[in-house]
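Residues per chain, in single letters:
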Amino acid sequence: MATMTIAKAINEGLRASLKSNPKSLLMGEDIGHLGGVYRVTDGLIKEFGADRVVDSPLAESGIVGTAIGLALRGYFPVCEIQFDGFVYPAFNQITTQLAKIHARSHGRLTVPVVIRIPYGGGIGSIEHHSESPEALFAHTAGLRIISPSNAHDAYWMIQKAIECQDPVIFFEPKRRYWLKGEVDVENAGLSEDPFKAHVVREGTDATIVAYGPLVPVALAAANAAIEDGRSIEVIDLRSISPVDFDTVEESVKKTGRLIVAHEAPTFGGIGGEIAARISERAFLHLEAPVIRVGGFHMPYPVAKVEEDYLPDIDKILEALDRSLAY
Amino acid sequence: MGSTQLPPGTDETLAATSAAVAASGEPVEMVQLLGPDGKLGTDPVFSDYAKRIDPEKLRVFYADMARIRRFDQEATALQRQGELALWVPLTGQEAAQIGSAHASQPQDYIFPTYREHGVALVRNVDLAELLKQFRGVSNGGWDPRGNNFHLYTLVLAAQTLHAVGYAMGIQRDQKLAVAGDSNDPKAAVIAYFGDGASSEGDVHESMVFAASYDAPVVFFCQNNHWAISVPTEVQTKVPLANRAKGYGFPGIRVDGNDVIAVHAVTEWALEHAREGRGPVLIEAYTYRVGAHTTADDPTKYRELAEEAAWREKDPLERLEKYLRTEGLADEAFFEQVQADGDELAKYVRSTTHGLEVPDIRDSFANVYAEAHPLIAEEQAWFEEYSAGFEADQEAAN
Ligand SMILES: Cc1ncc(C[n+]2csc(CCOP(=O)(O)OP(=O)(O)O)c2C)c(N)n1
Numbered sequence: 001m002a003t004m005t006i007a008k009a010i011n012e013g014l015r016a017s018l019k020s021n022p023k024s025l026l027m028g029e030d031i032g033h034l035g036g037v038y039r040v041t042d043g044l045i046k047e048f049g050a051d052r053v054v055d056s057p058l059a060e061s062g063i064v065g066t067a068i069g070l071a072l073r074g075y076f077p078v079c080e081i082q083f084d085g086f087v088y089p090a091f092n093q094i095t096t097q098l099a100k101i102h103a104r105s106h107g108r109l110t111v112p113v114v115i116r117i118p119y120g121g122g123i124g125s126i127e128h129h130s131e132s133p134e135a136l137f138a139h140t141a142g143l144r145i146i147s148p149s150n151a152h153d154a155y156w157m158i159q160k161a162i163e164c165q166d167p168v169i170f171f172e173p174k175r176r177y178w179l180k181g182e183v184d185v186e187n188a189g190l191s192e193d194p195f196k197a198h199v200v201r202e203g204t205d206a207t208i209v210a211y212g213p214l215v216p217v218a219l220a221a222a223n224a225a226i227e228d229g230r231s232i233e234v235i236d237l238r239s240i241s242p243v244d245f246d247t248v249e250e251s252v253k254k255t256g257r258l259i260v261a262h263e264a265p266t267f268g269g270i271g272g273e274i275a276a277r278i279s280e281r282a283f284l285h286l287e288a289p290v291i292r293v294g295g296f297h298m299p300y301p302v303a304k305v306e307e308d309y310l311p312d313i314d315k316i317l318e319a320l321d322r323s324l325a326y
Numbered sequence: 001m002g003s004t005q006l007p008p009g010t011d012e013t014l015a016a017t018s019a020a021v022a023a024s025g026e027p028v029e030m031v032q033l034l035g036p037d038g039k040l041g042t043d044p045v046f047s048d049y050a051k052r053i054d055p056e057k058l059r060v061f062y063a064d065m066a067r068i069r070r071f072d073q074e075a076t077a078l079q080r081q082g083e084l085a086l087w088v089p090l091t092g093q094e095a096a097q098i099g100s101a102h103a104s105q106p107q108d109y110i111f112p113t114y115r116e117h118g119v120a121l122v123r124n125v126d127l128a129e130l131l132k133q134f135r136g137v138s139n140g141g142w143d144p145r146g147n148n149f150h151l152y153t154l155v156l157a158a159q160t161l162h163a164v165g166y167a168m169g170i171q172r173d174q175k176l177a178v179a180g181d182s183n184d185p186k187a188a189v190i191a192y193f194g195d196g197a198s199s200e201g202d203v204h205e206s207m208v209f210a211a212s213y214d215a216p217v218v219f220f221c222q223n224n225h226w227a228i229s230v231p232t233e234v235q236t237k238v239p240l241a242n243r244a245k246g247y248g249f250p251g252i253r254v255d256g257n258d259v260i261a262v263h264a265v266t267e268w269a270l271e272h273a274r275e276g277r278g279p280v281l282i283e284a285y286t287y288r289v290g291a292h293t294t295a296d297d298p299t300k301y302r303e304l305a306e307e308a309a310w311r312e313k314d315p316l317e318r319l320e321k322y323l324r325t326e327g328l329a330d331e332a333f334f335e336q337v338q339a340d341g342d343e344l345a346k347y348v349r350s351t352t353h354g355l356e357v358p359d360i361r362d363s364f365a366n367v368y369a370e371a372h373p374l375i376a377e378e379q380a381w382f383e384e385y386s387a388g389f390e391a392d393q394e395a396a397n
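Just so you know, the protein sequences line up as chains D and S, in that order.
So the first sequence is numbered by our numbering: it starts at 1 and just counts up by one.
So the second sequence is numbered by our numbering: it starts at 1 and just counts up by one.
No wet-lab data here; the hints were simulated from the structure.
Please note: incorrect hints may appear among the correct ones.
List of simulated lysine to aspartate or glutamate pairs, EDC-like, C-alpha gap at most 16 Å [said to hold, decoys possible]:
#  : chain 1 : residue 1 : chain 2 : residue 2
1  : D       : Lys304    : S       : Asp362
2  : S       : Lys300    : D       : Asp246
3  : S       : Lys57     : S       : Glu275
4  : S       : Lys186    : S       : Glu331
5  : D       : Lys253    : D       : Glu202
6  : D       : Lys100    : D       : Asp51
7  : S       : Lys346    : S       : Glu129
8  : S       : Lys321    : S       : Glu129
9  : S       : Lys186    : S       : Glu271
10 : D       : Lys196    : D       : Glu280
11 : S       : Lys321    : S       : Glu331
12 : D       : Lys19     : D       : Glu202
13 : D       : Lys315    : S       : Glu383
14 : S       : Lys245    : S       : Glu275
15 : D       : Lys304    : S       : Glu271
16 : D       : Lys253    : D       : Asp205
17 : S       : Lys186    : S       : Glu205
18 : D       : Lys180    : D       : Glu163
19 : D       : Lys304    : S       : Glu312
20 : S       : Lys245    : S       : Glu205
21 : D       : Lys315    : S       : Asp126
22 : D       : Lys315    : S       : Asp392
23 : S       : Lys346    : S       : Asp37
24 : D       : Lys254    : D       : Asp205
25 : D       : Lys196    : D       : Asp228
26 : S       : Lys39     : S       : Glu312
27 : D       : Lys315    : S       : Glu331
28 : D       : Lys304    : S       : Asp359
29 : S       : Lys313    : S       : Asp37
30 : D       : Lys315    : S       : Glu390
So the derived list for chain S, only partly shown, Cβ under 10 Å to chain D, looks like this [claimed, not checked]:
#  : residue
31 : Asn139
32 : Gly196
33 : Val289
34 : Ser350
35 : Ala369
36 : Tyr385
Using C-beta positions, here's what the derived DEER-type ranges look like [claimed, not checked]:
#  : chain 1 : residue 1 : chain 2 : residue 2 : range
37 : S       : Gly354    : D       : Leu109    : 36 to 46 Å
38 : D       : Asn92     : S       : Asp54     : 44 to 54 Å
39 : D       : Glu47     : S       : Pro55     : 55 to 65 Å
40 : S       : Gln336    : D       : Thr96     : 21 to 31 Å
Heads up, the beta-carbon is just placed ideally off N, CA and C, and yes, glycines get one too.
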């Protein structure tokens, strides 16, 4: 077991993939000599050279579009988008091309491209550096979307993403980059489906589902709820598309209550999809409506008010209270 | 040369040698009037434009460059003290910004990126307002219509298309005005962007549109040599100015640390645009002396010797030398400039502390221009939620 930050775990995961697969390569802005603005790719260019760790021109559509071409030629490109808010110039390539090539070729072509995006708020940054655009991509069929919440998962999930034959968008919770955790580099410990949801805390009174940056918040809320004598189960979703509804359903059948928390705006978000599915699948087990905790329907606000915007322990507890009041 | 308009008073040979348009791949010449030694040279085309700059204006150039450098130092210090979330320094690029901004007229509309603090100064944007974005209290700060200086744009290159569209609007207005016989002065647009941003697809598309419709727009690229850690060579194999030729309009490389040449070239380009002769690309060849932002560490990717070599070409020092040797400014002037800088720094420091911290309610206020039920619902939820805390607080007291 090694202890490392999430950033370091991704770095080690990328290193492992670059070592084991000579056709894997990284591309993105400032990822070479600088090691990325978050230093996630630190040192990799020294070890693997400029062909494997490509400091690209400043052009997101170009990065993703050429990655598609490389993938068609048998490579496994891993693209870094510098910040969430800068993925949009590549949106066209991702949603109209990357997502659809497998289907359009009747399964003859695969495009195993990974797109790494540091996402989410809470770092006091300026515009376009704090967004959570996962629902925009989840709505597009053909893409897999995952987000680790701890170092061990980060280390393994990035490697599984690179191995995956489908395009994967790998959302990195940037405000958790420096969160340390134990990583078992020998044993992934992930089940056969590497992106199966993970019950990180067992409980009996209600279930909180979260992913990425909000998993620690959900856990803290569950701990705080103990004071009120509540036993809360917490599920780390890990995969945003597909969603492991089975694990969520099973939990809800036990607890009867469900809160879904994410940073992205509530309206049109992943939480709505989970709420709808669970209402369909476990209606008779639900003792309260599924409650969503998310961001407001507004552009991500300025740093000085982001605390009021972001789902925090209090907002989750308030949702729990509402749920338990039924 | 095709059909593009050459600088006035030139033939094709001259234009090529005076750096107006060079064939792609060929070494490009650079328009320079005031050299690093502080001596004024000549240029077959642009000297005529430089002659329009009287000594008083030269002193204004100097004063503005010095003031904005002082402001830059102050903002960097404010960031270090935790008063700003981030700062984007401009030191080294003062001549490119002050020279080009002074060439514009009030009716010209300017689309900046996020480092154009010097242009903002010339456009009389309150620099404390400009800091709002970096302090995290606003995603804009100033009224763009107040000074015809648009909001900063953080998504690289997006504004270049807006600039062209705006310029197309000016064209249409002019047609309407001719019909209605208006006395409005002719206007043009300047779009600022960096050498890194020049790789974005939007820049290409903006140039296609500008060329297709002869839009009155001047593309002003500050080639400061680095896009964070990536050198210009990764963005382009030919001098950036040469790209214009491929679109069918003039491209000029100018010494971006020479405020006189920058002013001359920009004035020519703006006149060209205002007169309906189409777009121009100016590449201001300059250098970002400091870090990309306060979050960046340039020692990771570039040599100190490179920085030192560029410091030798400092835009302020060379104008100071010129002003002194020509007897155009005395010691008292330079002392006054320094005092004004300190004054500005003091003002910025005190007003930054006082910048109002907004409320999340303000963020609900302007999502839509018209009423929207989802906003109303969410805001009502927020009010109730916050009231719950206040009630708890009271109960606890
Ligand atoms: C679309 C987009 N991609 C990435 C970024 C992140 N980013 C901000 S500034 C920058 C470098 C820009 O370099 P350049 O265009 O040369 O301008 P400079 O900052 O040097 O003035 C990068 C990569 C961004 N703001 N927008």
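Here is how each hint holds up against the structure:
| no. | hint | in the structure |
| --- | --- | --- |
| 1 | D:Lys304 x S:Asp362 | holds, 12 Å |
| 2 | S:Lys300 x D:Asp246 | violated, 47 Å |
| 3 | S:Lys57 x S:Glu275 | violated, 24 Å |
| 4 | S:Lys186 x S:Glu331 | violated, 40 Å |
| 5 | D:Lys253 x D:Glu202 | holds, 13 Å |
| 6 | D:Lys100 x D:Asp51 | violated, 27 Å |
| 7 | S:Lys346 x S:Glu129 | holds, 15 Å |
| 8 | S:Lys321 x S:Glu129 | violated, 33 Å |
| 9 | S:Lys186 x S:Glu271 | holds, 9 Å |
| 10 | D:Lys196 x D:Glu280 | violated, 21 Å |
| 11 | S:Lys321 x S:Glu331 | holds, 12 Å |
| 12 | D:Lys19 x D:Glu202 | violated, 38 Å |
| 13 | D:Lys315 x S:Glu383 | holds, 13 Å |
| 14 | S:Lys245 x S:Glu275 | violated, 20 Å |
| 15 | D:Lys304 x S:Glu271 | violated, 43 Å |
| 16 | D:Lys253 x D:Asp205 | holds, 11 Å |
| 17 | S:Lys186 x S:Glu205 | violated, 25 Å |
| 18 | D:Lys180 x D:Glu163 | violated, 25 Å |
| 19 | D:Lys304 x S:Glu312 | violated, 40 Å |
| 20 | S:Lys245 x S:Glu205 | holds, 15 Å |
| 21 | D:Lys315 x S:Asp126 | violated, 38 Å |
| 22 | D:Lys315 x S:Asp392 | holds, 15 Å |
| 23 | S:Lys346 x S:Asp37 | violated, 33 Å |
| 24 | D:Lys254 x D:Asp205 | holds, 8 Å |
| 25 | D:Lys196 x D:Asp228 | violated, 31 Å |
| 26 | S:Lys39 x S:Glu312 | holds, 14 Å |
| 27 | D:Lys315 x S:Glu331 | violated, 62 Å |
| 28 | D:Lys304 x S:Asp359 | holds, 8 Å |
| 29 | S:Lys313 x S:Asp37 | holds, 8 Å |
| 30 | D:Lys315 x S:Glu390 | holds, 15 Å |
| 31 | Asn139 | holds, 5 Å |
| 32 | Gly196 | holds, 4 Å |
| 33 | Val289 | violated, 18 Å |
| 34 | Ser350 | violated, 19 Å |
| 35 | Ala369 | violated, 14 Å |
| 36 | Tyr385 | holds, 6 Å |
| 37 | S:Gly354 x D:Leu109: 36 to 46 Å | violated, 59 Å |
| 38 | D:Asn92 x S:Asp54: 44 to 54 Å | holds, 51 Å |
| 39 | D:Glu47 x S:Pro55: 55 to 65 Å | holds, 58 Å |
| 40 | S:Gln336 x D:Thr96: 21 to 31 Å | violated, 59 Å |
Hint compliance for this structure: hints 2, 3, 4, 6, 8, 10, 12, 14, 15, 17, 18, 19, 21, 23, 25, 27, 33, 34, 35, 37 and 40 are not met, and every other hint is.
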